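Given the coordinates of chain C, work out where chain F should sit on it, guided by the hints.
Protein chains in written order, with the numbering used here: chain C, 1 to 325; chain F, 1 to 266.
Keep in mind the hints are simulated off the structure, nothing from the lab.
Please note that the accuracy of each hint is not assured.
As the list claims (entries may be wrong) - Covered stretches of chain F, as calculated for chain C (at least 3 residues, CB under 8 Å):
{"id": "1", "segment": "8 to 14"}
{"id": "2", "segment": "205 to 213"}
Unchecked claim - On the chain F side, residues computed to face chain C include the following (Cβ under 8 Å):
{"id": "3", "residue": "ARG2"}
{"id": "4", "residue": "ARG19"}
{"id": "5", "residue": "ALA100"}
{"id": "6", "residue": "GLN103"}
To be verified - Partner residues aside, some chain F positions facing chain C, computed with beta carbon under 10 Å:
{"id": "7", "residue": "THR17"}
{"id": "8", "residue": "GLU82"}
{"id": "9", "residue": "THR89"}
{"id": "10", "residue": "GLY90"}
{"id": "11", "residue": "ASP101"}
{"id": "12", "residue": "TRP105"}
{"id": "13", "residue": "VAL124"}
{"id": "14", "residue": "TRP144"}
{"id": "15", "residue": "THR258"}
Here the structure is a predicted model, which is why all the values come from computation and not from measurement.
Think of the CB as a built atom: it goes at the ideal place given N, C-alpha and C, for glycine as much as any other residue.
Okay, here's what each chain looks like letter by letter:
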Amino acid sequence: MTAMEPDFIDLDGVEKVFEVRRRVGLLRRERRRVRAVDGLTFRVARGEMVGYIGPNGAGKSTTVKMLTGILTPSGGRLRVAGIDPARERTRLARRIGVVFGQRTTLWWDLPLRDSYRLMHRMYRIPDARFRENLDRCVELLDLGALLEVPVRQLSLGQRMRGDIAAALLHDPDVLYLDEPTIGLDVVSKAKVRGFLRDLNAEQGTTVLLTTHDLTDIEQLCKRVMVIDHGRLVYDGTLSGLREAGAATRTLVVDLEREVPPIEVAGARVVRVEGTRQWLAFPASASAAPLVAEVAGAYPLVDLSVREPDIEAVIARMYAERRPVR
Amino acid sequence: MRLYWTVLASGFRRHATYRVATAAGVFTNTVFGFVLTFTYVALWDERPRLGGYDMAEALAYVWIGQSLLAACSLMGGGFEEELIQRIKTGDIAVDLYRPADLQLWWFSANLGRAAFQLLGRGVVPMAVGALAFDLALPEHPLTWLAFLVSVLLGVTVSFAVWYLVALSVFWLLDGAGAVQVAWLSGVFFSGMLLPLTVFPGALGEVARALPWASMLQVPADVFLEKRTGWELWEAYAFQAGWALVLLAAGRAVQAVATRRVVVQGG
Numbered sequence: 001m002t003a004m005e006p007d008f009i010d011l012d013g014v015e016k017v018f019e020v021r022r023r024v025g026l027l028r029r030e031r032r033r034v035r036a037v038d039g040l041t042f043r044v045a046r047g048e049m050v051g052y053i054g055p056n057g058a059g060k061s062t063t064v065k066m067l068t069g070i071l072t073p074s075g076g077r078l079r080v081a082g083i084d085p086a087r088e089r090t091r092l093a094r095r096i097g098v099v100f101g102q103r104t105t106l107w108w109d110l111p112l113r114d115s116y117r118l119m120h121r122m123y124r125i126p127d128a129r130f131r132e133n134l135d136r137c138v139e140l141l142d143l144g145a146l147l148e149v150p151v152r153q154l155s156l157g158q159r160m161r162g163d164i165a166a167a168l169l170h171d172p173d174v175l176y177l178d179e180p181t182i183g184l185d186v187v188s189k190a191k192v193r194g195f196l197r198d199l200n201a202e203q204g205t206t207v208l209l210t211t212h213d214l215t216d217i218e219q220l221c222k223r224v225m226v227i228d229h230g231r232l233v234y235d236g237t238l239s240g241l242r243e244a245g246a247a248t249r250t251l252v253v254d255l256e257r258e259v260p261p262i263e264v265a266g267a268r269v270v271r272v273e274g275t276r277q278w279l280a281f282p283a284s285a286s287a288a289p290l291v292a293e294v295a296g297a298y299p300l301v302d303l304s305v306r307e308p309d310i311e312a313v314i315a316r317m318y319a320e321r322r323p324v325r
Numbered sequence: 001m002r003l004y005w006t007v008l009a010s011g012f013r014r015h016a017t018y019r020v021a022t023a024a025g026v027f028t029n030t031v032f033g034f035v036l037t038f039t040y041v042a043l044w045d046e047r048p049r050l051g052g053y054d055m056a057e058a059l060a061y062v063w064i065g066q067s068l069l070a071a072c073s074l075m076g077g078g079f080e081e082e083l084i085q086r087i088k089t090g091d092i093a094v095d096l097y098r099p100a101d102l103q104l105w106w107f108s109a110n111l112g113r114a115a116f117q118l119l120g121r122g123v124v125p126m127a128v129g130a131l132a133f134d135l136a137l138p139e140h141p142l143t144w145l146a147f148l149v150s151v152l153l154g155v156t157v158s159f160a161v162w163y164l165v166a167l168s169v170f171w172l173l174d175g176a177g178a179v180q181v182a183w184l185s186g187v188f189f190s191g192m193l194l195p196l197t198v199f200p201g202a203l204g205e206v207a208r209a210l211p212w213a214s215m216l217q218v219p220a221d222v223f224l225e226k227r228t229g230w231e232l233w234e235a236y237a238f239q240a241g242w243a244l245v246l247l248a249a250g251r252a253v254q255a256v257a258t259r260r261v262v263v264q265g266g
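Next up, chain C with everything else stripped away, as it sits in the complex:
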């Protein structure tokens, strides 16, 4: 299925320009055009799970709003499952699911079950299918005890799980997740991630995941897209992002006694503290020959390898404002 539809989500030079009016002086107003999304081009194949990251105000939410048809692009071409979202919002709506971490699609003063009943009618889900999907979600998301509880009485983690179930009852082909783990505790996060991973693997649901929590991406997505100032600055694997960001891994060695900084090919000492030394080497290189060389030439007691901090890579990328590709 994946190979069949490589351009399930297809953006070609998509732009969104907002006009912002700003007050200058007492009566005068200045009109300014803001490019929230500026020539965005990418494709997502059916069944892919893609992380979509970028700093606040980069254009992530605007992109998702255009993909759901709430906003009309100012330029370019955009298709989801062959549908132009802005033109056929309602038709597309039956095929997508959306989860906003910061908003709820559930009805505040009704029990969870009533919200699901509304979804049932709204998406015209066949009765048998609805029951099956609801049962599965209730089991996997641990909602059994919550179905009769009004949404306003749910904790954030419970509500989030309820929201995810609500987005999936109609078997959407595409799921947009906007910060699905925001504000959740470690256990709830793990639960949500596990569920999403299984969903993608078993149902083949295409997932676009927007988040500031890079652990979400590390645990769920093979592919990551980075957007900044409305432009795509990176599109590839997470490990590729480390390399592209000129990231380094660190070999930490503990020696028997204090020695001058270690001299080996392919690595350099970045820090020395008593008998412990830190050696930086390219993230793309293997640690094995380096370890062998150090062990051969120095009185090695213990060692460990530290992965580059992906947050640091991205933070640097945002700061430098340059495409790393």
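For chain F alone, kept in the frame of chain C given last:
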């Protein structure tokens, strides 16, 4: 269509969960009813047959007003508060990506709310009023049915007006001013303070022709059997006409709002 029935039923149930609020509303409506009754008694004692009503009819008018106050959102407090809030916070985005029509959705939800308010906050004050005072009640049993149809049309016009008020927030960003204008107009032009038939000359004619008349004056006249036979159909046509015009306006504004205006927040 089943979806909108479910929405209607949910609207009913949602309001049914707030029992204390309903009880408080019933109490307020009843107290209001007594205050207005004594004012009207004083007024109609001084000027019998004012506005074409005798005392019993005038007092029935007071209690009909109290019964419809919540159902027809004469002073606001209906679905519009929630809709305005959703537009302000950007939660409206959630409503927009659903495969449902925004106007029909809120219309159904409001109808469910109104049905509950009519039962929950309408029946008791009316009964109290009828027990405490001598009210003019319908002679023909069918008048009750005719009255309910008129109330349904009144609720529809009320929805259409408040929907426009709520959508204005897409541009105004804050609904407080528009809401205030709307509920002041509602109280005055629906006939909540005094029956519109009391107003003299051009003011009275204008007031009776405005949409707000559909929300109280017209249903009350149907109840009091002032509008029967052909005139009943005229009354319905007046209400339905405003409903259609205002609902169409709401649709047009909705189309512009969702196409041109930015959804607030993240």
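inquiry  = Run through the hints listed earlier and report the numbers of any the structure violates, in increasing order.
reply    = 2, 4, 6, 13 and 14
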